[in-house]
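Based on the sequences and whatever the hints tell you, model everything.
Going down the list, the sequences are from chains A and B.
All residue numbers for the first sequence refer to my numbering, where the first residue is 1 and numbers rise by one.
All residue numbers for the second sequence refer to my numbering, where the first residue is 1001 and numbers rise by one.
Source of the hints: derived by calculation from the structure; they are not laboratory data.
Every residue, glycine too, gets a C-beta built ideally from N, C-alpha and C.
Please note that the accuracy of each hint is not assured.
[Stated by the list, open to error] Here are the simulated SDA-like pairs of lysine to any residue, each with C-alpha atoms no more than 25 Å apart in a straight line:
#1 A/K88 x B/E1053
#2 B/K1146 x B/F1136
#3 B/K1069 x A/A79
#4 B/K1099 x B/W1109
#5 A/K81 x B/K1140
#6 A/K88 x B/K1105
#7 A/K81 x B/K1099
#8 B/K1072 x A/I77
#9 A/K80 x B/K1140
#10 B/K1038 x B/Y1055
#11 B/K1140 x B/W1109
#12 A/K80 x B/C1052
#13 B/K1072 x B/G1103
#14 B/K1038 x A/A85
#15 B/K1107 x A/A79
#16 B/K1105 x B/Y1145
#17 A/K81 x B/I1085
[Stated by the list, open to error] A few chain B residues that don't get close to chain A, going by computed Cβ distances all over 10 Å:
#18 N1101
#19 A1102
#20 E1137
#21 S1143
#22 Y1145
#23 K1152
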Amino acid sequence: MKPDMSPLKGKPKVLDLRDRLEDRLDSLQFFGDTTLVKVVTREVTIVQPQIQTKKESLLVSMMKSKEFQDDFLREIIPAKKDPQALDKLWGSGKHLFKNRKDIFEDEWVE
Amino acid sequence: MNGLSELVLLDTNIFLDLIGGFEEKDTVSSKKLLDSIKAGEKLGIVIAPVLCELYYLISREGDEQEAQKFIKLILSIPNIQVFPIGQEEAIRAGWVYHKYNAGQKHKNWLSLVDCLIIASCFYLESSVVCTWDSRFEQVKDVSIYKPSEIVKSNTAP
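Take a look at the structure:
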């Protein structure tokens, strides 16, 4: 029997898993100002965005923190957010693209 | 775009637009969208493979140091979150790739990263995809917007 690959009828059920995860905190990472929760277990995959409680909730990730064991990545992945980052970025790469008017065309990205 | 769509999956070209300062491409919309994310009005989601695209594209046009600098700054923007791709998104992306690319001319093909973005949108509640790429217009399974459309809906009375 072929697996059902038709578009999902509905979104995954949203559950509050924070309480249930508390006994597994040694395998989780917490970041202060985000809310996206993705939990993958053998039984269920749940993605839980909670915008309405963003400022008070936490990101829970089941990813191992391999990026922080890698010197190369430690230099690139920021340890904290920078409110000035967006302004630093805006237009700062003009020199990279001045001869690439085709930046949005397929061939450029492929 | 309704008020419930608070998660915005950002395509690679939103960031290239931002750092390139392509004013003729309405860069201001990309900046305004990211401003609203920075302000906490929305959460910006970057799927991990977009970081891969950014790294190789910027290092190809410039050098690796610049690629690393820009990626670090992008990840530093408040309320930008990286979404890891799991087996569900990967399999769904294969389904999207087949659905939209089979029988199409190559120039209209969605890239694998495009398909991973669309697949991630399946699994994130209240999410939309934001891109300048016109090839996304054929996709009907998830909501697709240009930055200018999101910004406009935010400022509408």
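Would you list, in rising numerical order, the hints stated earlier that this structure does not obey?
-> 5, 6, 7, 9, 13 and 15
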